[in-house]
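Chemist: What follows is each chain in one-letter form.
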Amino acid sequence: MTAQATPIMQITDAIVEVKDLHLYYGDSEALRGITMSIPRKKVTALIGPSGCGKSTFIRCFNRMNDLIESIRISGEITIDDQDIYDNSVDVIELRRRVGMVFQKWNPFPKSIYENVIYGLRIAGVRDKNLLDETVEKSLKRAALWDEMKDRLHESAMGMSGGQMQRLCIARAIAVSPEIILMDEPCSALDPRSTSRIEELIRELQGDYTIIIVTHNMQQAARVSDFTAYFYIGELVEFGLTKRVFTSPVRKETEDYITGRFG
Amino acid sequence: MKKFVRRGEPFVWATGMTLSIIITMTVLLLYVVIANGIGVFWPQKLVQLSLNDGRVVLGEITKEEKDGNNVSRLQLKIGNREINGLDFTWISEPDIRSRSYPADLYVIERQENGNFYGTLAEVHSPEITVAEGQGTLVSALGKARHNLQPLLMTKQQISRKIGALNLALEKVNQKLAGYRYQHMDEKDKRIITLVDAETKLKTQFATLVDGGKQNTEELAAYYAIFKTADGKESTVRLADMVRLYQPNRMGLFAKIRHYADKLVELFIADPRESNTEGGLFPAIFGTVMLVLLMSLLSFPLGVITGIYLREYAHPGVTVKIVRIAVNNLAGIPSIVYGIFGLGFFIYGIGGALDQFFFPERLPTPTFGTGGILWASLTLGLLTVPVVIVATEEALGSIPPSIREGSLALGATRFQTLTRLLLPMASPGIMTGFILAMARAAGEVAPLMITGVVKLAPSLPIDGQFPYFHLNRKFMHLGFHIYDIGFQSPNVEAAKPMVYVTTLLLILIVLSMCSVAIYLRNKMRARYAIADV
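Chains as they are written, first to last, in numbering that gives the first Met the number 0: chain A, 0 to 261; chain B, 0 to 531.
The set of hints was computed from the structure by calculation and includes no laboratory data.
Keep in mind that the hints are not guaranteed to be accurate.
If you want the footprint, here are the derived chain B segments under chain A, 3+ residues with CB under 8 Å [unchecked claim]:
| hint | segment |
| --- | --- |
| 1 | 376–385 |
| 2 | 518–527 |
The calculated lysine-lysine pairs, modelled on DSS-like cross-linking and capped at a C-alpha distance of 30 Å, are [as the list claims (entries may be wrong)]:
| hint | chain 1 | residue 1 | chain 2 | residue 2 |
| --- | --- | --- | --- | --- |
| 3 | B | 186 | B | 154 |
| 4 | A | 241 | A | 127 |
| 5 | B | 154 | B | 212 |
| 6 | B | 521 | A | 103 |
| 7 | B | 154 | B | 188 |
| 8 | B | 154 | A | 148 |
| 9 | B | 261 | B | 142 |
| 10 | B | 212 | B | 62 |
| 11 | B | 521 | A | 127 |
Glycine included, C-beta positions come from ideal geometry on N, C-alpha and C.
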């Protein structure tokens with residue numbers, strides 16, 4: 000693919016299609032008609048100034064916004080051609096397909112082992128071999144296995160911040176989602192832990208579709224294949240990361256990434 | 000000075016002072032209870048006072064103080080109620096000519112009439128009669144008491160059999176009453192069998208009563224004559240002696256044994272002498288069982304309500320009003336709960352139960368009268384607000400990120416609640432539970448109208464089917480304190496027991512709370528979230 004002149008790029012192999020998505024918190028409109036596609040098994044970064052609706056946007060994909068009563072949504076989001084806001088959709092099932100890693104790591108006060116298999120446990124999996132296997136596989140993918148293999152049954156609360164965040168990623172991977180949403184996963188981490196998470200994201204791409212919200216432009220440039228720039232509830236520009244960062248089409252994008260604004 | 004004020008020192012000082020006042024008061028209270036309660040069972044020396052007017056007084060010194068004219072005086076426990084009428088007397092220090100501590104003096108704890116202080120004069124038993132020589136007297140007394148044992152055992156057996164017979168009779172009577180209530184023909188086979196059974200039981204009863212009379216006569220043949228300090232004689236049946244000892248002859252080891260013996264009696268024996276002597280077992284049992292039953296009600300009810308209010312209820316005006324109401328419930332005087340328990344549980348539910356299940360026993364109520372079940376339900380109601388508030392607070396203090404994390408993994412709200420939120424909230428819930436338990440254990444007022452009694456004939460749990468008798472009345476340490484401290488005919492003699500009972504109640508509350516605190520700390524360590 001080559002750089003295109005259009006600000007919003009068309010994706011051929013998209014997993015998520017968003018059509019004219021509006022979202023209201025009570026009376027105020029937080030997302031103003033967003034239409035975009037998320038490419039399959041790529042890393043898509045969402046950037047933009049605080050309060051531009053990036054986090055709200057990705058929380059639409061696993062319907063975490065359902066928890067907030069004052070939110071109203073119109074428009075359409077389809078994952079593999081299925082409208083996820085259709086009444087027939089099982090939210091539990093959807094959340095298993097769309098994992099999420101939060102800004103502040105939130106391991107449960109349980110052992111490392113139990114944290115990883117939490118998703119399987121609540122799905123009713125009892126097979127000990129399968130559970131053991133999943134723990135090993137997920138921790139290996141999250142680059143935690145070597146550090147933690149002897150402490151699996153210790154409390155997760157004894158880990159460092161970066162380790163906890165990687166544990167949260169392992170926990171999300173364990174239920175084999177298709178999409179992983181990451182809401183500023185490194186904003187509370189020190190640079191070393193941040194670079195480990197970034198490495199991890201690079202390793203995971205190709206197997207999962209990753210949508211990452213970040214404030215850190217360098218990070219977006221380092222880890223993502225595609226970048227979308229949001230500004231006050233609107234999608235301003237979306238394209239290949241390289242293209243967006245080197246030759247932005249819209250002036251607002253250029254201002255933002257060069258640091259003149261935001 | 001200005002600088003002192005500006006740095007906020009006065010405020011720090013004030014907070015420190017408040018804390019120290021609270022600590023001082025707590026320590027003072029505990030000191031009074033412990034200092035007075037712990038020495039009650041320690042054998043006191045018996046002192047014999049010769050007075051200037053020629054009288055001789057014998058007893059334990061219980062108090063020394065100055066009267067209005069600044070003259071010191073002694074309070075003496077002189078016992079021998081059947082002779083002196085009173086247990087205590089005051090002697091002015093200047094009236095005393097001399098003091099002595101004769102080693103031969105005996106203290107006899109009796110089933111009736113309190114302690115006796117004096118010297119042994121004669122021992123009578125069918126086998127031997129001894130009238131002189133201290134050494135022979137003492138050994139004769141020991142032998143006679145030993146020989147008495149089989150008779151005492153028989154006495155116990157007889158009373159146990161009478162108890163069982165009474166129960167059987169009562170059951171037959173209840174059945175009969177039931178049939179007659181249904182207007183069954185008097186010539187019905189079932190009624191005739193029951194009447195036969197009743198007659199048979201009554202014959203057995205008469206035989207037993209005869210046996211009891213004979214036993215009493217046989218027991219009466221064993222007696223000892225004691226002499227008071229001023230030479231009066233008193234006859235004490237050996238069967239009435241609970242314990243006898245010579246405090247002035249006891250060494251440290253003997254005193255420790257005596258103390259331990261009394262302590263064991265306190266925990267396992269029934270009370271004697273309108274509760275001023277003997278053990279506290281029924282009251283301890285009643286208190287612990289009451290609190291446990293109360294917990295069984297108030298804990299689940301409070302936790303479930305708290306969960307609903309915090310997790311499921313749609314936040315709004317209604318929830319706010321409910322919350323305010325719950326918080327205010329905690330401030331209602333406990334006697335009001337008692338009255339509610341009386342009206343709602345006893346007369347309402349209990350009365351209805353009687354109407355439906357035990358109509359033949361009416362007008363004698365079965366559940367329509369105070370009992371341990373109704374008392375514990377009332378206490379449960381009283382403590383439930385504390386548990387609700389604690390549960391709500393505990394759930395509310397769990398960071399939302401934990402819920403989000405769980406939901407994002409495909410958990411339902413219920414799974415999130417049972418797998419994460421409740422375990423994480425458990426230390427906070429336990430704290431509320433501890434507060435509730437401590438409050439319940441110390442309540443007396445609502446119990447007084449919902450089933451506590453001065454002396455319960457039987458425990459709420461025993462070997463008789465159906466083993467749990469939740470309709471029974473019960474004894475309670477808190478009420479016991481009130482009863483012996485303020486309702487006893489002999490308040491001065493009951494005073495030591497008040498302190499002992501108070502100490503015991505405090506210890507029981509403390510130990511129950513310690514168990515709960517231990518559990519809470521374990522949970523807290525287990526479910527703490529790292530605070531980074």
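Chemist: Next step is simple, just say for each hint if it's right about the structure.
Modeler: Tested hints:
| no. | hint | in the structure |
| --- | --- | --- |
| 1 | 376–385 | violated (count 0) |
| 2 | 518–527 | holds (count 3) |
| 3 | 186/B / 154/B | violated, 40 Å |
| 4 | 241/A / 127/A | violated, 45 Å |
| 5 | 154/B / 212/B | holds, 10 Å |
| 6 | 521/B / 103/A | holds, 27 Å |
| 7 | 154/B / 188/B | violated, 38 Å |
| 8 | 154/B / 148/A | violated, 72 Å |
| 9 | 261/B / 142/B | holds, 23 Å |
| 10 | 212/B / 62/B | violated, 43 Å |
| 11 | 521/B / 127/A | holds, 28 Å |
Hint compliance for this structure: hints 1, 3, 4, 7, 8, 10 are not met, and every other hint is.
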